[in-house]
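Chains A, B and C supply the protein sequences, listed in that same order. For the first sequence, position 169 (counting from the first letter as 1) is numbered 168 according to numbering that gives the first Met the number 0, and the numbering increases by one without interruption. For the second sequence, position 288 (counting from the first letter as 1) is numbered 287 according to numbering that gives the first Met the number 0, and the numbering increases by one without interruption. For the third sequence, position 187 (counting from the first letter as 1) is numbered 186 according to numbering that gives the first Met the number 0, and the numbering increases by one without interruption.
It should be emphasised that the hints constitute simulated quantities derived from the structure, not laboratory data. Given the structure is predicted, the values throughout are model-derived calculations rather than measurements. Note that beta-carbon positions come from the ideal geometry of N, C-alpha and C, so glycine has one too. There could be a bad hint or two in this list.
Claimed, not checked - Below 27 angstroms or equal to it, Euclidean Cα-Cα: the simulated DSSO-like pairs (lysine-lysine) are:
#, chain 1, residue 1, chain 2, residue 2
1, A, 224, C, 125
2, C, 118, A, 224
3, C, 63, C, 78
4, C, 118, A, 213
5, A, 213, C, 125
6, C, 300, C, 326
7, B, 30, C, 63
8, A, 213, C, 78
9, C, 72, A, 213
10, C, 22, B, 26
11, A, 213, C, 172
12, A, 213, C, 130
13, A, 213, C, 80
14, C, 146, A, 224
15, A, 213, C, 126
16, B, 30, C, 22
17, A, 213, C, 63
18, C, 33, C, 198
19, C, 126, A, 224
To be verified - FRET-style restraints, in silico, Cβ to Cβ:
#, chain 1, residue 1, chain 2, residue 2, range
20, C, 18, B, 190, 35 to 45 angstroms
21, C, 195, A, 214, 33 to 43 angstroms
22, A, 1, C, 16, 41 to 51 angstroms
23, A, 12, C, 16, 51 to 61 angstroms
24, B, 193, C, 143, 43 to 53 angstroms
25, C, 16, B, 56, 51 to 61 angstroms
26, A, 127, B, 279, 23 to 33 angstroms
27, B, 246, A, 46, 19 to 29 angstroms
28, A, 215, B, 30, 32 to 42 angstroms
29, A, 106, C, 198, 36 to 46 angstroms
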Amino acid sequence: MTTFIIRRLLQAIPVLIGVTILVFSLMHLTPGNPAVIMAGESAPQATVQAIEERLGLNDPLHIQYFNFLGNALQLDLGTSIRDNIPVFDHVQSRFLITLELSVYSMIFAIVLGLLAGIVSAVRQYTISDVVIMIVALFGLSMPNFWLGLMLIQWFSINLGWFSPTGWGDPDQIVLPVIALGTAGAAIIARMTRSSMLDVISQDYIRTARAKGVKERVVIFRHALKNAMIPVVTVIGLQFGYFLAGSVLTESVFAINGLGRLIIDSILQRDFPVVQGAILVIAVTFVLVNLAVDISYRFLNKRIDLN
Amino acid sequence: MAVASKERIRDTKPVNPRVKSMKDFYKRLKKNKSALIGFYILVFFFIVSIFGALDANYGFTGISSNATSLTEKLEGPSAAHWFGTDHLGRDIFIRIIHGMYITLGVGFAATFLAGLVGVPLGILAGYYGGWLDTIIMRLMDVLLAFPGILLALAIVSVLGGSTINVTIAIAIGAVPQFARIVRGSTLTTKKLEYVDAIRALGARDGKIIFQHILPNIMSPIIVNTTLFIATAILSAAGLSFLGLGVQPPTPEWGAMLNDGRNYMYQAGHITFFPGMMIVIVVLAFNLFGDGLRDALDPKFKK
Amino acid sequence: MSENILDINDLRTSFFVEGNEIKAVDGVTFQVPKGKTLGIVGESGSGKSISALSILQLIENPGKIVGGSINFKGEELTKAKNSRMRDIRGNEISMIFQEPMTSLNPVYTIGQQLRESYKIHEGLGKKEGTKRAIEMLELVGIPSPEKRINQYPYELSGGMRQRVMIAMALACKPELLIADEPTTALDVTIQAQILELIKELQDEIGMSVVMITHDLGVVAETCDYVAVMYCGKVVEYADVETLFANPKHPYTVGLLNSLPRHDVDQDELVPIKGNVPAPDEMPTGCRFAPRCPHASDICSKLPGLETQEDGNDVRCWIYTEEWDGEKGVKVYDRESTT
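Based on the provided sequences and hints, a complete structural model is requested.
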């Protein structure tokens, strides 16, 4: 187990290095001079030179990369072109909001997805199963930004129950969480259903029934724990999609999270901020997956060796 | 003597198990009602989108998707404008029809490009293994570290927003998914006894890959392609919605949603109809893709 | 015959797939005398496992018991409520399954799984349950049970797992044990140990056993009575001596002839020709007729299960007045098996 964790940690290092190279390249693979792009086509030569100077754009590429990497390791992601505030400060305050949004959506998706998936599996081929699976298919096929707009239309504009914008108060949290979490809930529900059906037909479930175990206990004690094993991986992956999907949700609900920071910075051509924010999301995702992988392995240990 | 031994080889040539399974596959697919519904919706949409594309570019109906009418702006659905009009008085129904080929086209093109790169990478990694496998898959891992729309967003932020750039950005994001699935299937196929037997008979790698591996891994590729088109359509719409994808006044559905969001208080229908269309198209691909998967992998169906 | 603990009459269990009824158990009748062992023999697909699962009402969708009666100690199980069936399962009637590797829940320890039975049927807490679980593991011959009890199934060998399954089945001292091919998945040496163990425990607890197997060797070693099943029907029922000495049904004879024997000279083993018919190609008359070397015209009608002079119940036209085939046909020739 320890060797597995160490091996898995070591494997993550080249991936993280690759991530930094890719993020670094973004700015440097841009056709044309990044300094000109940032300053704008019509900017005076002096401004362009100042930007070139500040970003070290005149150094050889590999030097620039190692500077970038070295600074990033010290949590220095450069400074914003627009307001000269360190990128890290920009990212830090926004990241917490995005993380909150993602975690709440995750909880929403897990609770709803597991419940729906279990009901669907236990009542296979009944009306409830069919309805749940149809709803899940819709949830899966719906763009989260459109769902967000529709929720605003119904619950904010028509009914006035929730605030259509912002983040923090309970009446601001509900709609974005539903908008972002629904697709995940649908995926988890489908996965849980198929995994539960798989487990329910296993020999050990028959053994439990032959022992006289109540059906409810068979489902929740004997089946669910086994069925959760593949679902955990899906949940881990979903978290990444929530981080990325929050870009759209934050835009719809005007939430000042990392996603909105990325969009605004792209539109303002503030590349250091774009770089920093994307790097933070990617690294978070890699670390979350690492954690999921290890916990999956832990859960799965007993089965792997079978 | 030489002829005789050659013939013997032909006689004992191992049988590709694919042939029989394809027949079963069609039988199972035909039985799957939801897959058929998805398929029919898609066929219908293709026809409409071809019509829409021709009309948008050659205008034989004489109706323009960009014809503005200040007297008719923000009107709700009516007999004259089935889906209502937007803030410039443009007919939303016409715009949806004229924009359909863009949505479908970006989805197909991005998926096709991703497959074009991802499938060979997956086969190389799976078939040859070793350091080639390690390098390819680590590279894929790096791309996979950017979840969902994020990689496309990063790429578009560099390339700038346009239909072609969005397609490329989404395709790059999808390459690792193809590579992973193809690698897995290649590994499984490589281990099949009949592939071993063919190799023992002295077939060359190229021949094994094209005649034996590729046909056998086609089914996961097809399923994945169908399901990925759905994701690609969602991503493209998302980028356009953010103003980073297909640019107005092109009647792309995501961009139309972006137009409409400022008028939600006065005219909710502007954001309703384009989004609903996205849902139906994506749903159709998902239905069809699910059906394909069930038909190809009966144990999945239960 | 002594008192019967289990009396099954005309049991019918079917599976409904895509509008078709597949009759897995098609009018099965047999009895299990108290304290004795009944063997149910047949090829896979003959309906023997489904019969066993029907007794415990463990048939799952799309399967259903569609007729007949299952009488356990005077109680009709086909009419029993769910809660009553739960009381019976694992308590009065227990079952051991074929696959010890997959029949234990991989995510719970041996102790947790054993304690569950005590909790359900005797309301025992953790401490008392653990004590009883250790005793039970000791009884089935598992070394150092205090240690085993905290282990997960993957840490045990197949033979050990089957012992755990037996311990679990016998935890509440059932009156009837149904063992569904308990040794098929195990090594030959372990097989003998497990069968011996079941026999010992049977004497100790005084329970009755239904031993489901496709192995006539196991039947000869462990059973008092035998029911031979073919395609969802019992084709022959007899006590074990009679069956081996005087098999009547051509299928039983076929099974015996395909078995290596020590007591007679065999020139060769004779397999039964053909295969078990697919459910959609099931003959309407005698199910065995297409493979039977003696089949005649009348075999296109279904024979009844009739008691013969030796005491066998046989489902075959040869032993009836109506027989229209070769007279005096010798179905079984003990000396020269051909």
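Hint check results:
1. A:224 with C:125: holds (21 angstroms)
2. C:118 with A:224: holds (20 angstroms)
3. C:63 with C:78: holds (13 angstroms)
4. C:118 with A:213: holds (12 angstroms)
5. A:213 with C:125: It holds: about 19 angstroms lies between the C-alpha atoms, which stays within 27 angstroms.
6. C:300 with C:326: Cα-Cα ~18 angstroms, so holds.
7. B:30 with C:63: OK: residue 30 (chain B) and residue 63 (chain C) at ~25 angstroms, within 27 angstroms.
8. A:213 with C:78: holds (19 angstroms)
9. C:72 with A:213: Holds, at about 23 angstroms.
10. C:22 with B:26: The given pair, whose Cα atoms are some 25 angstroms apart, holds under the 27 angstroms limit.
11. A:213 with C:172: Since the Cα atoms of residue 213 (chain A) and residue 172 (chain C) sit roughly 20 angstroms apart, the hinted pair holds (cutoff 27 angstroms).
12. A:213 with C:130: holds (24 angstroms)
13. A:213 with C:80: holds (13 angstroms)
14. C:146 with A:224: Judged against 27 angstroms, a Cα distance of about 24 angstroms means the pair holds.
15. A:213 with C:126: Distance ~22 angstroms between residue 213 (chain A) and residue 126 (chain C) Cα, so the pair holds.
16. B:30 with C:22: Given that 27 angstroms is the threshold and the Cα spacing comes to 24 angstroms, the pair holds.
17. A:213 with C:63: holds (20 angstroms)
18. C:33 with C:198: This hinted pair holds, its Cα atoms lying about 14 angstroms apart.
19. C:126 with A:224: The given pair, whose Cα atoms are some 24 angstroms apart, holds under the 27 angstroms limit.
20. C:18 with B:190: 35 to 45 angstroms: Taking Cβ atoms as reference, residue 18 (chain C) and residue 190 (chain B) lie about 39 angstroms apart, which means the hint holds.
21. C:195 with A:214: 33 to 43 angstroms: Hint holds: Cβ distance 36 angstroms, inside 33 to 43 angstroms.
22. A:1 with C:16: 41 to 51 angstroms: holds (49 angstroms)
23. A:12 with C:16: 51 to 61 angstroms: For residue 16 (chain C) against residue 12 (chain A), whose Cβ atoms are near 53 angstroms apart, the range 51 to 61 angstroms holds.
24. B:193 with C:143: 43 to 53 angstroms: Distance hint for residue 193 (chain B), residue 143 (chain C) holds at roughly 48 angstroms.
25. C:16 with B:56: 51 to 61 angstroms: holds (53 angstroms)
26. A:127 with B:279: 23 to 33 angstroms: holds (24 angstroms)
27. B:246 with A:46: 19 to 29 angstroms: Holds, since residue 246 (chain B) and residue 46 (chain A) (Cβ atoms, about 27 angstroms apart) stay within the stated range.
28. A:215 with B:30: 32 to 42 angstroms: holds (34 angstroms)
29. A:106 with C:198: 36 to 46 angstroms: Between residue 106 (chain A) and residue 198 (chain C), where Cβ atoms are some 55 angstroms apart, the hint is violated.
Checked against the numbered hints listed earlier, the structure breaks hint 29 alone; every other hint is satisfied.
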